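Chains as they are written, first to last, in the working numbering: chain A, 7 to 118; chain B, 35 to 914.
It should be emphasised that the hints constitute simulated quantities derived from the structure, not laboratory data.
Keep in mind that this is a model prediction, so the values were computed, not measured.
Note that CB positions come from ideal geometry on N, CA and C, so glycine has one too.
Check the hints yourself; a few may be wrong.
As the list claims (entries may be wrong) - Short derived list, chain B residues pointing at chain A, Cβ under 7 Å:
| hint | residue |
| --- | --- |
| 1 | Trp40 |
| 2 | Glu59 |
| 3 | His63 |
| 4 | Phe89 |
| 5 | Gly90 |
| 6 | Gln98 |
| 7 | Ser99 |
| 8 | Met701 |
| 9 | Arg702 |
| 10 | Gln703 |
Claimed, not checked - Cβ pair distances, simulated, as ranges:
| hint | chain 1 | residue 1 | chain 2 | residue 2 | range |
| --- | --- | --- | --- | --- | --- |
| 11 | B | Gly126 | A | Met104 | 56 to 66 Å |
| 12 | A | Arg28 | B | Arg87 | 47 to 57 Å |
| 13 | A | Asp114 | B | Arg414 | 26 to 36 Å |
| 14 | A | Trp72 | B | Arg87 | 45 to 55 Å |
| 15 | A | Asp45 | B | Arg87 | 49 to 59 Å |
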Amino acid sequence: MAGKPDLLPGTLDMLILKTLSRAAMHGYGIALSIKRFSDDVLTVEEGSLYPALQRLLVQGWVKGEWKTTETGRRARYYTLTAAGRKQLNLELSQFEQMITAIGRVLRDPQEA
Amino acid sequence: MLGRLWRKLSLLFGRSRFRSELDEEMAFHRAQMEAELVEDGVPRDEARYAAKRRFGNATRIKEQSHEAVGFRFETVAQDLRFAMRQLRQSPGFAITAVLILALGMGVSVAIFGFVDAALLEPLPYAQPNRLLDVAENAAAWPRSNLSRADYEDWKRENTTLSSLEAYGGMGYLLHLGSTTEPVPAARVSDGFFSTLGVEPMLGRGFLPGEDLPGKPKIVILSYGTWLTRFGGRRDVIGQSVSLSGDTYTIVGVLPRSFEFAPRRDSEFWVPLLDKRGGCEDRRSCHNLYAIGRLRDGVSIDAARADLKRIAKQLEAQYPGSNQDQGAAVQPLYELIVGDVRPILLTLLSGTALLFLIACVNVASLLLVRSESRRREIAVRGALGATPARLIRQFVTEGILLAAAGCAGGLMIGGWLMGLLSRLIPKPMLIHLPFLGDVRMNAHVFLFAVAIVVFATVLLALTPVLRLSGMDIQAALGEGGRGSAGRFWLRLGANLVVVEITIAVVLLAGAGLLGKSLYKLLHVESGFDTTHLATLNVMAPDSTYSKNEQMVALYREIDRRLSALPGVQSVGLTTDLPLQCNCDTDWIRIEGKPFHGEHNEVNERDVSPGYLATLKAKLVRGRMLTEQDDASHPQVIVINEALARKYFPGEDPIGKRIGGGDLAPASMRQIIGVISDVREGGLNEDVWPAEYQAIYRTTDTYFAIAVRTSTDAGAMLPSIVSSLHSIDPNLGVYGELTMQQQIDSTEAALLHRFAAWLVGGFAAMALVLGVVGLYGVIAYSVSRRTREIGVRMALGAQRSAVYSMVLRQAGWLTITGLAFGVACSIGASVLMRKLLFGVEAWDVPTLATVVFVLGCASMAASFLPARRAASVNPTEALRAE
C-alpha cells in the first residue's frame, strides 16, 4: 500500500458519482472502474466504499437496484439520480476551482 | 430534506433487510475479487484468504455503513444497557443517588403544587382578574368594613365598575325539627352571584331588587348544606327554613364547585334585606365588604381613583361619620392569597435550595465514581473509544439516574401533596379552600419536566466536565494510584462548599421561623391563658329582645356555671381576647382638643367577673361590679394603652369620655386601668381598649370564658350541657380552650406551617450537606492511603495525619459556613415579612446554626480522619 497516494479527502463521493454517470454499476464494478480509469493509481478501500454508497443512497443522489450479473449472481446496481447528477456537477465545478487555485499557488512566479 | 428523513426512517425500520442486503453486496464483492485472483492464477484457497484480507474487517465496514445512514440509535441503546449494568454493579451508589434525587424532586413538586393552587390557578369565577375587593380604609385600618349607606352611594355614583355588590357575615340559629343550632351565613346584595358569574345548580339566583328592605325572606343553600341538612333532595326549592325565628323560602342551591373564601363557611346565603339592628341605618356603622367587577377597558387604578373621589365627596357631605374614610381597592385575588403568598414563596425557595443541594450531592457522588473509574475510561480510550463516545456513556448514565430519580420524585411528589393537604389545619383551609384540592395538573407536570431537565443537564454535564479535563495516558500510567486527582478535589470541594452554604441558609431560615413561631405563641397576652375554657353563645332574638331579659340570662349563666364543680370563676364578653382588633368605638376625651378625628379603640362589653377571670392585672382604680348596670351612670375600665395614648402623664381615673359629639347619653367615666390584655391577633399591635358593663347591652351574641381548676378542655361538655339546661334554644359554638384558640389562630397556623416545613427542609439539607462533606473527605483519604502510608513510614505522627485530614475538612466547612451566613442574612431579609419578634440577623440563631453545622461537619470528617490515622504504613505501601 505504501507509495500509493491516498485519495484526496472529500473526493470519493465525486468519483463514485462520476463513475456512475457513465453506467449503472455494482460496488465491485465501481471500485474496479476507478482503479482502471486512474491507471491503478487510485484504489478505493472497501471500508470507505460501502459507507460512502450508503451515504449517497440516503442523500438520494444514487439509487440501488438488485439485478442479476452476467455470471448469474445477484448484485446491487447503483444508478445516478437527477439530484445526483446535479450534485456531481456542483462538486466538479468546486473541484476544478480548487485545483486551479492550488495550481496557481504552486506555479513558480518566473514562469508567469 | 424530508425525503432524506424518510429514507433514513425506512432504513431504521427495515434494519434487518438493510443488513442482509449489505452482507450480500459485500459477499458478492469478495467473490468477484476471488474470481479475479483465480483468473490471475492464484490457487482457489489462497485466493479466498487474499480476498478476505484485502476486503478488510467486514463487521467494521457494516458498522460504518450503518453509522453513515443510521440514527445512532443502536449505540445509544448500547450505552443505555451499559449504564444499567454499571448502576446495577454498584447498587449502593445507584440507590442513594436515586433516593436523594427523588426526595428533592418530590418535595419540590409537592410544594409547587400548593404554590400553583394558591398563586397561579385562577379563582373559580368568570374572568376572575376583573374582580375587585372593595372596602373602606381608615387611619387605623388599611382595609376596613364598608357601611351600608356608603356602599349604596358608591354603587350609585361610580362610573368604573359594571357592578358593585356587598356581602357581610351573619350568624343564625337554625331550627330544624326540635334542635337549635347556630349556623354561619352570609348576607349579600342581589347581584352578588351574577357578578362572580356563578349560577345555582338548582333553582335560581337572587333577582334584581330582591335585597331591598321589606322584600320577602328568601335563601340560597350552599351545596354542602343542601346535602347534609336537606338530604340532597331536589324538591327543597320552595320549601321554607326557620332561621333565628324567621321563615325563609329556599330559592336555590349553589353548585358544588362554588366557594367564596372570605365567607367560605357560610351555609346559608340571604339577600341584604332589612337594615339590621339599627346599625345599617347609621353611616358610621361598618359591617360589610364588597366585590366589584371592572368595566371593560377600565384599569384598577381608574376604579380606585373613582371610588376615592366618591369617598371624598361623602367625607365633605357627612363629616361626622366619614372623616378620613377613604376607599381601599385591590384585586380579589390579592385579598384571598395575599397572606399566604410570602409563606408559599418562602417554601418554594426552600424547596428550590433543597433540590439544588440534592442535585449537587448526586453530582458529587457521580464525580467520585467517575474518579474511581479513571482506569476503565483509560482502557476504553486506549481500545479506540473516541472521547465523544466516552462522554456519551457518562451522559447516558447521568440521564438514566436523573430519569429514575425523577420517576421516583413524581411518585413521592404526588404522595406528599396528598399528605400535606390532609395536614393543613382545618381553620386554614376555610380561608384557603384551594389548598384542599392540590393535585397533579398540567402546571405541576410542566414544572416537574422543567426540573427534570435541570437535573439531567446537571448530572450529565458534571462527568463531561470531569472527562474533558482528563489525560488518558496519564490516567493509564497512574493506574488509579497515587494522590487524588487535582481536578476532582477542586470541583468536589467547591460542591461541598455549595452544599454547606445552602444548608446554612435553610437551617438559619428554619431557626428564624421557629423562633418567630415561639415568640408568637409566647407573646405577652396580658392574661393567664392556661385553664381557661371559652365558647360562644347565640341567644334567640325572639326570646331575648329586651335588656332585662338579656341581663337575666347573663346573670343566670354566671350563677349556673360558677356552681359547676371545678369552675373557679366565669366571665362574659362580647369578644374573647386574641381574636381581633375589631368591634371598635370612636371616642372623644372630654376637655381635650378635638377635630372630628376617629379615635379608634376596642370596645368590649364584659361581665363584672370577666377581667378577674382572665386574671388581668388592675393597675389603678377599681373593676366593674354588679351594680354597674343600666340603672347606674356609665363607667368603664380602660387598658394602659388607652391611658398612655390619651392621658399621657395624667391620672385617667375620674376622667370622662364620650362619642364624637359628647352627647350626654354617650358619656362614661373611667373607674379603673388594667394592664394591656391582647384583644387583637398574636402578631397585631395592642390597641387602646375600653371595657364596659355587659348589663347595658341587648346583644344576643356573646362569649364566655371559664377559669377552671382542672383541665379546661374536659370541662367544656359540662359547660355546654349546663347552658342548654338554662335554655335549650341557646346556640353554642366554638368550644375551645384558650390554648387551643391560640394554637389555631391564623397567624399561629401560618407560622407553624412554615416553620415545620422549612424545618423539615433544613433537616434534610443538614443530612445531605454532612453526607456530602463526609463523601469528599472519605474519598480523599481513600485516595491518599498510599501517600499517608509513606508519610507515616517517614515518621509522621498519627496526630499529624489527623490534623492534616481535619484541616482540609475544616477549611471547606469554614468557607461554606462563611458564605452561608452571608447568604442567609440576605435570604432572611427577603422573608422578613414572615418573621415575628426576630431580626433577620438574629445572632443567637445564626450562632446556633454555625455551631450545629460545624459540629456535624467535624463529626463527618472525624471518621475518615480516624481511618487515615489508623493506616498501617507497611500495608498501605504493600497494597495495590
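Quiz item: Does the nearest C-beta of chain A fall within a distance shorter than 7 Å of the C-beta of Gln98(B)?
Solution: Gln98(B) check passes; min Cβ-Cβ to chain A is 4 Å, inside 7 Å.
Self-check item: Glu59(B) as an interface hint toward chain A, with CB separation required under 7 Å
Solution: holds (5 Å)
Quiz item: Are Arg702(B) and chain A close enough, Cβ to Cβ, to be under 7 Å, as the hint says?
Solution: violated (99 Å)
Self-check item: Hint check: 7 Å Cβ-Cβ cutoff, Met701(B) to chain A
Solution: violated (101 Å)
Quiz item: Is the hinted range of 26 to 36 Å satisfied by the C-beta distance from Asp114(A) to Arg414(B)?
Solution: violated (50 Å)
Exercise. Closer than 7 Å between Cβ atoms is the bar; does His63(B) clear it against chain A? Give me holds or violated.
Key: holds (5 Å)
Self-check item: chain A contact restraint for Gly90(B) - C-beta distance below 7 Å
Solution: Check passed: Cβ of Gly90(B) comes within 5 Å of chain A, closer than 7 Å.
Practice problem: Mind checking the CB of Gln703(B) against every CB in chain A and telling me if the closest is under 7 Å? | Solution: violated (103 Å)
Self-check item: Pairwise beta carbon distance, Gly126(B) to Met104(A), judged against the given window 56 to 66 Å
Solution: holds (59 Å)
Self-check item: Per-residue hint verdict: Trp40(B), partner chain A, C-beta under 7 Å
Solution: violated (10 Å)
Practice problem: Indicate whether the distance between the beta carbons of Asp45(A) and Arg87(B) respects the range 49 to 59 Å. | Solution: violated (24 Å)
Practice problem: Given the hint of 47 to 57 Å, check if Arg28(A) and Arg87(B) actually sit that far apart at their C-beta atoms. | Solution: violated (30 Å)
Comparing the model with each numbered hint stated earlier shows that hints 1, 8, 9, 10, 12, 13, 14 and 15 do not hold.
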